[in-house]
Structure formats: C-alpha cells, structure tokens
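**Student:** Chains R and A, in that order, give the protein sequences.
One point on numbering: in our numbering, the residue at position 236 of the first sequence is 236, and numbering is uninterrupted.
One point on numbering: in our numbering, the residue at position 244 of the second sequence is 244, and numbering is uninterrupted.
Simulated from the structure, these hints should not be mistaken for lab results.
Cβ coordinates follow ideal geometry from the N, Cα and C atoms, glycine included.
Treat the hints with care, as some may be off.
[Unchecked claim] Derived, one-sided and incomplete: chain R residues facing chain A with beta-carbon distance under 8 Å: (1) T112; (2) R120; (3) G225; (4) D226; (5) Q278; (6) P279; (7) T282; (8) T284; (9) A285; (10) N413; (11) A422; (12) S429; (13) I443.
[To be verified] Covered stretches of chain A, as calculated for chain R (at least 3 residues, CB under 8 Å): (14) 86-97; (15) 141-155; (16) 284-296.
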Amino acid sequence: MATRSAVNNRHSKTLNEEIIVSQISRRQAIALLGALGFGATAAACAGPGGSTAPGGATGPAAPATGDITGKVSFAHWRGEDKVVFDELIKRFAALHDGVEVAQDISTSNDYTAQALQKLRGGSIGDAFATFRGSQFKNFTEAGIYTELKDSKAVSNYQEGLLSAGKSGESQLGLPYQVVFPMPMANVDLFDKAGAELAPKDWDSFLAMCEKLASSGVIPISWPGGDVGNGGQLFNCMIANNAPVDDMCAQIEQGKLKVTDDWFIKMLNQYKDLVPYLQPNATGTAVEPAQNLFSQGKAAMLATGSYHIAAVRGLGAQFPIELVFPNTSDGNAKYEGVYNATFILGVNSASKNQAAAAAWIDFLSEPENAAYYANETAQHVSVKDVDYTNPDLKRLSPWLDKNTALAARFQFQNLDVRNAVEASATAVISGTSPEQAAEAAQKIVDERI
Amino acid sequence: MSTHTGLPAKRKAPGSPPDVNDNKGRRRSPTRVNPALYLFPLPAVAVIAFFLVMPTLQAFQYALTDWNGFSAAFNYVGLDNFIRAFTNDSLFTNALTNNLKFVLLVVIAQTFFSLILALLLTKNSRGSVLLRALFFFPTILSSVSVAFIWKFIYDPNFGLANAVLGGVGLEALQSSYLGNDAQALYWVAVTQVWFHAGQMMVVYIAGLQAIPRELYEAAEMDGANKWQQFKSITWPFVAPATSIVVAYTTVQSFKAFDLILGIAGNPPKQSLDILSTRIYSTFANSEFGYAAAQSIIFMAMIALVTWLQRRLLRLTPKGE
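Produce the entire structure from the sequences given, and follow the hints as far as they go.
**Tutor:** Right under this line is the structure:
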C-alpha cells in the first residue's frame, strides 16, 4: 500500500507540475510574445538619429599622447595600395611593440556609399580616409573626424594643399594624395605623330587630336561606361569654361544653370571630341579603356594620374605625360587640374585613438610618404618628399603649375553631380547639347 | 491537419489519481495544444521581430522624416517624401519605369524560355539530364561573377559579342550595348534571363513530370494534336508551376540590384537605374528618410505587380 501510495503521490505531483508548467507556459508565452511585440514596436518607433559623440569642429582633438598599442583598423578604398600599406604597417609595428594595423578596404564606390555608416560606430576605421567633397562634408557633419590642428602630422604637409581637409578653422583631415585628373599621354605616340603635348587653346587641342588620328591611333581612350572615371574629364573641360571657380557648388545652389551659354559651349566642345574617341566610347568600361592605352592603340587615357600604376601593371613601357584639354581661346586661367584627396583622419568614436593618431603621424613622415608615393606612383601632399619613381619625377613639374582644384568634388549631392556629368555623356551619345543640358537642369532643379 | 499534444497519451489505470480536469468538471480535449509549445517558435519569432518586423516598422517611421542618416536632429515631414517621389523626382520615376519595363521583359522571356527548355528536357534520358545540368549551371554562379562575364561579352572594344559579329561579317549589327541608352536595359534583361532561366526550368520540369501520362494517351486516342494537348493538358496542369515562376521572376527582377550594379557600375547610369539601385543611391546620398519612403513604395510595387499578375493570368482563384 505504501508503495502504491508513493507511486500515486509521485504521479499526482508530476501531473500537477505539468499543469502548473502548462498554465505558466501559457501566461509566459503570451507575456513573452507581448513583450517582444511591444519591444519591437517601441524600438522601431524610437526616433532616428545617431549617438556618435560630436567630433568635427566642436569635437575632441586627436590625442597627442597615449599608449600606442592594440589593434588599429585603417579603412580606405585603395585596394591597389594594399601591399604598399602592408609594408608600411610592418615598419610601424616595428617601431611600436604590440600595435597591429588591419586594413579595411572597400571598393571606391562602396566606400562612397557605405563608409559613413560603417565607421560611425567606431569598431571599424580607427584611422580612415575620405574623398574630397561630399564625403568629407558628411563625415564632418556626422562628427567622425577629430581635430588634428595641433597634431605632429600637420606640420609635415604643404600648407596650400591642406585646405581640402579643413572645416572652418579646424584641420580635421590631412589630404594625403595629390592626383592630376587629366588625360595621360603616350609620349612615343605623340612624338611619332608630331603632336604637341601642351595645346594653348581648344583649336590646338583638336589639331593635336587630328594629328594623332592621322597617324593611325585612337587619340583618346575614354571610359564613358564608367561614371566615376568617365567623369574625370569633366574637371578639365569645365575649368576654363566656367565664369567662377566654385561653379559646381553654384550649379547645385541654383545660382548657375547648366543651360547657361558657358555650359552649352562646354558641351559643344565635348561634341567636338566624338571623332577622336574610341568607337562606342559610352559603353567602354575603365579596364578596356586602360588596355587601349597600355597596348599603344590609344594615345591618351582620359582618366588621371591615379591610373599610372594600373597601366604600368598592364605592360605599358612608354613614357607617360599629362595633357590638359585646354578649352580656352588662348587666354586660359588654368593650365591643368589637380585634386587633393585621400583625406586621412582619426575616428572620434575610436577606442584606440592614440594608436590611430600615431599611424597617421607615421604615414605623414616624409620618408614613409615617399615610400608610399614611389611605390604607388602617386604624388603626396607631404613636404620634402623625394620622388624616385620615374613617372612621378617626370610629372613633378605639374605640382608647381597653375592648376585648378578638381571641380566635380564641389558637388555635395551625388544625384546632381551624376546628372550634370551625364549631360556630357549624352552629348557624346548623340544628344544635342541643348537637350542634354535641359535634362540635367531638370534634375538639378528638383533638388534645389 | 492533425494536432499533436506534445505529451504522451496517458491511459487511465484503475486506482490511478483522478484527472485534475475531471475534478473541475471539464474534459481535456485530445487535440488541445500544450501551451508550452507556444514557446518553441519564440526564437524564430524573436529573430523575425528584430530583423524583419522592427526594421520594417522603422522604415515606415523614417519615411516620414527628413533624416540624413547620421544627424541626431531630424524633422517629421509627413507624406512629403512620398509626394516628392511621384511628383518631383524624375530620377525615381525613371527608375520605376525602367524597373517595370525590365520586369515585363524578364517575366515574359524567362517564363517562355524556361517552359520551352522544360518541355524539351522533361524525359529523364542521359542527354536531358546533362543538358538540364548545363542550363542550370548559371544559377549556381554568383551574380557578381555573372555581371563581370557579361560585362566582358558586351564590351564594345574587346568584347565577345562584337568579336563574333565581326567574325561572321555582321559588323553592321555591332553595338556599344550597355553604352547605348536605348538598348542597355534589354541587354541586361538578356543577362538576367540567361542567369535564371535554368532555375525556373527545374520548377517547370517538376510540374511537367507530375502530369499523368494517361491524359496524353487519352488525348491522342481522341485525335488531339500536340498543340491541343499542350493547351488542354500541359498548360492547365503546369499552372501552379507557372504561378511560382512568374511570382519568383517578378520579385527577382525587381531586386536585380547586384547584377545591375556589377554590370553597370555604381551608380548605374540613368538608362540602367532600377528601383533598388535608386534606393541605394538615395541612401548613399545621405537621404535616409527619402530612401525609406522609396523602399516602402518599392515594397508596395512588388506586392501590387505580383497580385495583378496572378489575377491577370488567373493563377489565383477569386477570394484567395
């Protein structure tokens, strides 16, 4: 009996437990699901807005001292420079025990689109680079940059090239690279055709193209199928046509219009180029355009000096010069265009700012900047750099010429920039300059 | 559908303790679900709530603001973003037009080709299996790889398409493909169909193989020709498969984001801009509020087009 009673008790207990569990489970299930739904709705209804500590003009200065140790994430878009940065990282790590720099590289287009969101949390990009223009402005507004005015690195830069990294009185970033977004020229083909490398006006430029065409080569290889690279020619075409230097900013603000005479004149000059571009230029991506140039089929590549390393990599052995498509009638204000970009900065949300700042200081030392420049075939803004790379040596005189800061980076709105530049592509496709300008202006007007 | 209690059935033995439910004068239903089971889907519900429901609700909220994506400050702008999309943004309406055109082209071509391929390869012969594998192959490639392959094919200077046309003396047909604004979308549609027709072919083959052979035998005995057999037997029987193919292709074509970005670059030019790439460009342009509104329109558009297709093709009976 005792055994049977014990069994009954145990059974009864089990059933009761089950009932309790069932009752609690039901309540819990409803409560948990309710809480989950409420939490999700409440979280979803939380207002947008960031929690990034305000940096920028009012933010903290990058620490001048601190432990240079731990991991530093270096975010940028120059995949082609990875090996060079790897070597510099080795040298940096040899100077500072326990420091480790990891490169976080995106493609330039992805970097343009996503870097701000990726970096604002601070887990990626303790040190980083931005493009000049809208990206730098957005990073500044988001408070991602720290103040570098009093940093050791600033004094290493050429004063005149630092403006692209300034916001008001603050020096938030250090523009590291100096590039010339002008057509690169195969000097051998120019010599063979007897074409001059420095046309004094638009007619001379067209005459130069004619000579090249007569010699049996394509005068200009232009990647019209690639918005980013194809748009670089715009910097040259607009520099001497526009009535003011901040023409793109004024177009965006509605003070100037792309239907104005000066812009239509520029579009007509684009039309003049059509016979001198490779066939089907608007469908050509950047790699085939580079191939045409590096294989000696085209005399010029209308992108910029930042492609020197790429065309050398494709086997180009000839001497390379830069040619400025001079759109003036002989009294040009500028004899070329340049851009100061790859604006280095320290992330205000970084937990390892001291090491990140030290990495930026390290890159800004003339010896290291020279290594970077010579290995990547790109000029830098750092002073006292010894250029040993033959291409850089040859192109160094351009650093002292009267060049205009590349205008396309004045656009803050990428839709406006793309629409304005697309008007040139449309003209090359056969649209009349007036129609192309009107279509572009419509998009600009919608965004003013 | 049977319902499981989740607990082993208990046989009431003589002398066993009384059922608590009996004590309360209620009988436990044999089909009643143990409430503890409601907790089982909780992890999945949590994941869906946090990663799907919450962002969707947030998108609705952001769509009513002018938030730029990084500032703490923002303003509620009511329905302005939605109004702007339809009345004062030619880039958006251009992308919408491109997208609808792209969907129409791809849905028609992909459904047609996948059905044709399926009809030709329904039999389980060795050759058919090999060809099925061959046609299915593009599906297993990543969209970025496909984009780069076709970018090479379409290149006007070094590309395969112009080289082949030149090789057979058809220079007149050579084109700049993606560089020709009037044609670019059609060429990308060709790529999309090549990419996914094999996948849809498999869906059709499954549908075709489920049709009883007797129906065809009976039709043959009645003197029905091949077309009549197709019209009266095959097509009605593959309607469920068609429904899947059309709906899936529609959604896929609306969201051909990676293919377009891979083939046309970022940002794509206006002739290749579709809704998903436009939304991405708007996000990249630091207009989060406006991009959220575009996303909601995009979502509504997919739902509407899918529903309309099903109605028009009579793939969904009334009331479903």
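**Student:** Now, for every hint given, state plainly whether the structure supports it.
**Tutor:** Each hint tested on the structure:
no. : hint    : result
1   : T112    : holds, 6 Å
2   : R120    : holds, 6 Å
3   : G225    : holds, 5 Å
4   : D226    : holds, 6 Å
5   : Q278    : holds, 6 Å
6   : P279    : holds, 7 Å
7   : T282    : holds, 4 Å
8   : T284    : holds, 6 Å
9   : A285    : holds, 6 Å
10  : N413    : holds, 6 Å
11  : A422    : holds, 6 Å
12  : S429    : holds, 6 Å
13  : I443    : holds, 6 Å
14  : 86-97   : holds (count 4)
15  : 141-155 : holds (count 3)
16  : 284-296 : holds (count 5)
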